[in-house]
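Peer 1: What follows is the residue order along each chain.
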Amino acid sequence: MSAESSPKIVIVDESPIRAAILEEGLREAGFTGVVHISEMQSLLARIYALDPDVILIDLENPSRDVLEQMFQVSRAVRRPIAMFVDQSDAASIQASVDAGVSAYIVDGLKKERIKPILDLCISRFNAFSKLQDELDRTKSALEERKVIDRAKGILMKVKGLTEDEAYVLMRSTAMREKKKIGEIAQSILTASELLK
Amino acid sequence: MTTPLHIGFIPLVDAAALIIAVDKGFAAAEGLDVTLVREVSWSNVRDKLNIGLFDAAHLLAPVAIASSLGLGHVKVPIVAPFNLGLNGNAITVSPALHAAIMGEIEGDALDPMATALALARVVANRRKSGAEPLTFGMTFPFSTHNYQLRFWMAAGGVDPDEDVRLVVLPPPYMVDSLANGHVDAFCVGAPWNSVAVDLGVGHILHFVSDILVRAAEKVLAVRQSWSEKNAGGAGGPGPGGCPTPPNSSRIRETAPRPRMSWRGPTGSASAPR
Numbered sequence: 001m002s003a004e005s006s007p008k009i010v011i012v013d014e015s016p017i018r019a020a021i022l023e024e025g026l027r028e029a030g031f032t033g034v035v036h037i038s039e040m041q042s043l044l045a046r047i048y049a050l051d052p053d054v055i056l057i058d059l060e061n062p063s064r065d066v067l068e069q070m071f072q073v074s075r076a077v078r079r080p081i082a083m084f085v086d087q088s089d090a091a092s093i094q095a096s097v098d099a100g101v102s103a104y105i106v107d108g109l110k111k112e113r114i115k116p117i118l119d120l121c122i123s124r125f126n127a128f129s130k131l132q133d134e135l136d137r138t139k140s141a142l143e144e145r146k147v148i149d150r151a152k153g154i155l156m157k158v159k160g161l162t163e164d165e166a167y168v169l170m171r172s173t174a175m176r177e178k179k180k181i182g183e184i185a186q187s188i189l190t191a192s193e194l195l196k
Numbered sequence: 001m002t003t004p005l006h007i008g009f010i011p012l013v014d015a016a017a018l019i020i021a022v023d024k025g026f027a028a029a030e031g032l033d034v035t036l037v038r039e040v041s042w043s044n045v046r047d048k049l050n051i052g053l054f055d056a057a058h059l060l061a062p063v064a065i066a067s068s069l070g071l072g073h074v075k076v077p078i079v080a081p082f083n084l085g086l087n088g089n090a091i092t093v094s095p096a097l098h099a100a101i102m103g104e105i106e107g108d109a110l111d112p113m114a115t116a117l118a119l120a121r122v123v124a125n126r127r128k129s130g131a132e133p134l135t136f137g138m139t140f141p142f143s144t145h146n147y148q149l150r151f152w153m154a155a156g157g158v159d160p161d162e163d164v165r166l167v168v169l170p171p172p173y174m175v176d177s178l179a180n181g182h183v184d185a186f187c188v189g190a191p192w193n194s195v196a197v198d199l200g201v202g203h204i205l206h207f208v209s210d211i212l213v214r215a216a217e218k219v220l221a222v223r224q225s226w227s228e229k230n231a232g233g234a235g236g237p238g239p240g241g242c243p244t245p246p247n248s249s250r251i252r253e254t255a256p257r258p259r260m261s262w263r264g265p266t267g268s269a270s271a272p273r
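First to last, the protein sequences are chains A and B. By my numbering, the letter at position 183 of the first sequence is numbered 183, and the numbering carries on one by one without gaps. By my numbering, the letter at position 88 of the second sequence is numbered 88, and the numbering carries on one by one without gaps.
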């Protein structure tokens with residue numbers, strides 16, 4: 001795709017990682033004119049200076065309201081319109097809101113040129129939240145591991161058990177009480193703190 | 001049988017009626033299973049209401065009208081069976097702009113006409129000296145804040161489109177923007193005016209109720225199609241209402257929960273994250 005035919009795309013996102021993931025995807029797909037704005041102060045001034053064809057913004061960004069002002073400002077030569085204005089594609093509107101991204105497109109840009117950008121955007125946003133979920137799960141698993149290890153140490157000391165016996169005791173208690181082993185471990189920590 | 005409802009809101013004091021209705025069980029008592037969803041922008045609230053992700057929303061009254069007319073956005077007819085608040089906005093100015101207005105004022109500083117005329121003289125002086133135009137922050141193009149600022153300054157002869165800059169700022173960013181000089185003044189609802197005063201970065205010039213009496217501020221908005229489908233379900237407000245003094249202390253007890261508090265980009269006054 002030549003530079004002339006590649007629309008200029010601005011990504012407004014305070015998350016540098018997500019923006020990088022999206023930017024990389026767009027470049028791979030041949031969209032060369034991609035600029036990332038992470039600084040929300042003087043957002044409008046920067047957008048006017050860049051004069052983009054497409055603006056992508058995450059829905060968690062309060063500055064979305066700032067962009068809406070562009071529809072009202074008469075001196076802006078090229079007035080962007082919200083993706084939502086074109087109601088013909090309800091499914092992709094729904095998908096983009098679910099993914100947490102919104103697009104503003106300068107009037108006159110053809111719909112078939114927007115679709116691949118938006119589709120890519122949606123899939124990258126979804127990929128990012130999946131990564132985020134995995135990271136959160138890993139973090140909490142790691143945290144639980146630490147709690148279990150400390151509880152095990154307490155049981156070994158207080159009851160004179162081996163490491164394996166301490167673990168088996170916690171596991172069987174968890175099964176009997178229909179709780180997670182992490183919860184039992186946490187109770188042991190709390191109790192030992194109280195009984196100190 | 002309970003009716004599940006998703007209602008979007010922006011964390012502002014005038015969302016109190018909705019939060020109380022849910023937290024104190026008034027909604028549940030009416031057979032409504034309400035999930036309140038906190039949003040960060042009016043654009044999100046409007047879009048999610050328009051496409052049906054929300055059944056109802058805490059919405060700027062002018063957005064309901066704009067949406068029904070298809071102004072600036074998709075045309076989705078909205079109806080507003082309840083007013084969630086009257087007035088509540090104030091115009092807050094930086095200490096420097098306050099001093100400049102007070103230096104030019106003739107008459108009572110509490111009279112909005114006197115301050116608007118003084119503002120016109122400040123604007124004229126700045127133009128003569130080649131200074132940048134003053135910048136005023138407001139919350140949304142279709143907002144009472146925008147119209148109220150324009151109404152006030154235009155009464156004094158200031159052209160809101162030519163003589164000053166009006167910029168949209170998310171309410172949680174207002175105070176920081178005033179403190180760092182990004183704006184010289186703003187019009188916003190509670191609690192942001194008081195926050196600016198407490199931090200010593202702003203003076204409340206006027207309560208907008210001194211300029212316009214009984215302005216509908218936020219409404220409970222639903223799609224017209226939704227309203228027709230669910231006609232007859234909505235009753236009046238529960239006993240006791242919101243603004244009666246004996247209840248206001250209970251509202252204060254309810255509101256400062258973790259989900260109603262936020263820390264932002266630079267600490268003090270900031271964005272919901």
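Honestly, I wouldn't trust all of these hints.
[To be verified] Partner residues aside, some chain A positions facing chain B, computed with beta carbon under 7 Å:
(1) Leu59
(2) Arg64
(3) Val66
(4) Glu112
(5) Gln132
(6) Gly182
(7) Glu183
[To be verified] Only pairs whose alpha carbons sit at most 30 Å apart, straight line, appear in this in silico DSS-like list of lysine-lysine:
(8) A:Lys146 with A:Lys157
(9) A:Lys159 with A:Lys146
(10) A:Lys8 with B:Lys75
(11) B:Lys128 with A:Lys115
(12) B:Lys229 with A:Lys110
(13) B:Lys75 with A:Lys130
The set of hints was computed from the structure by calculation and includes no laboratory data. Source: prediction; values computed, not measured. Each residue gets a CB set at the ideal place from its N, CA and C atoms; glycine is no exception.
Peer 1: Which hint numbers does the structure go against, in order from smallest to largest?
Peer 2: Those not satisfied are hints 4, 5, 6, 7, 11, 12 and 13.
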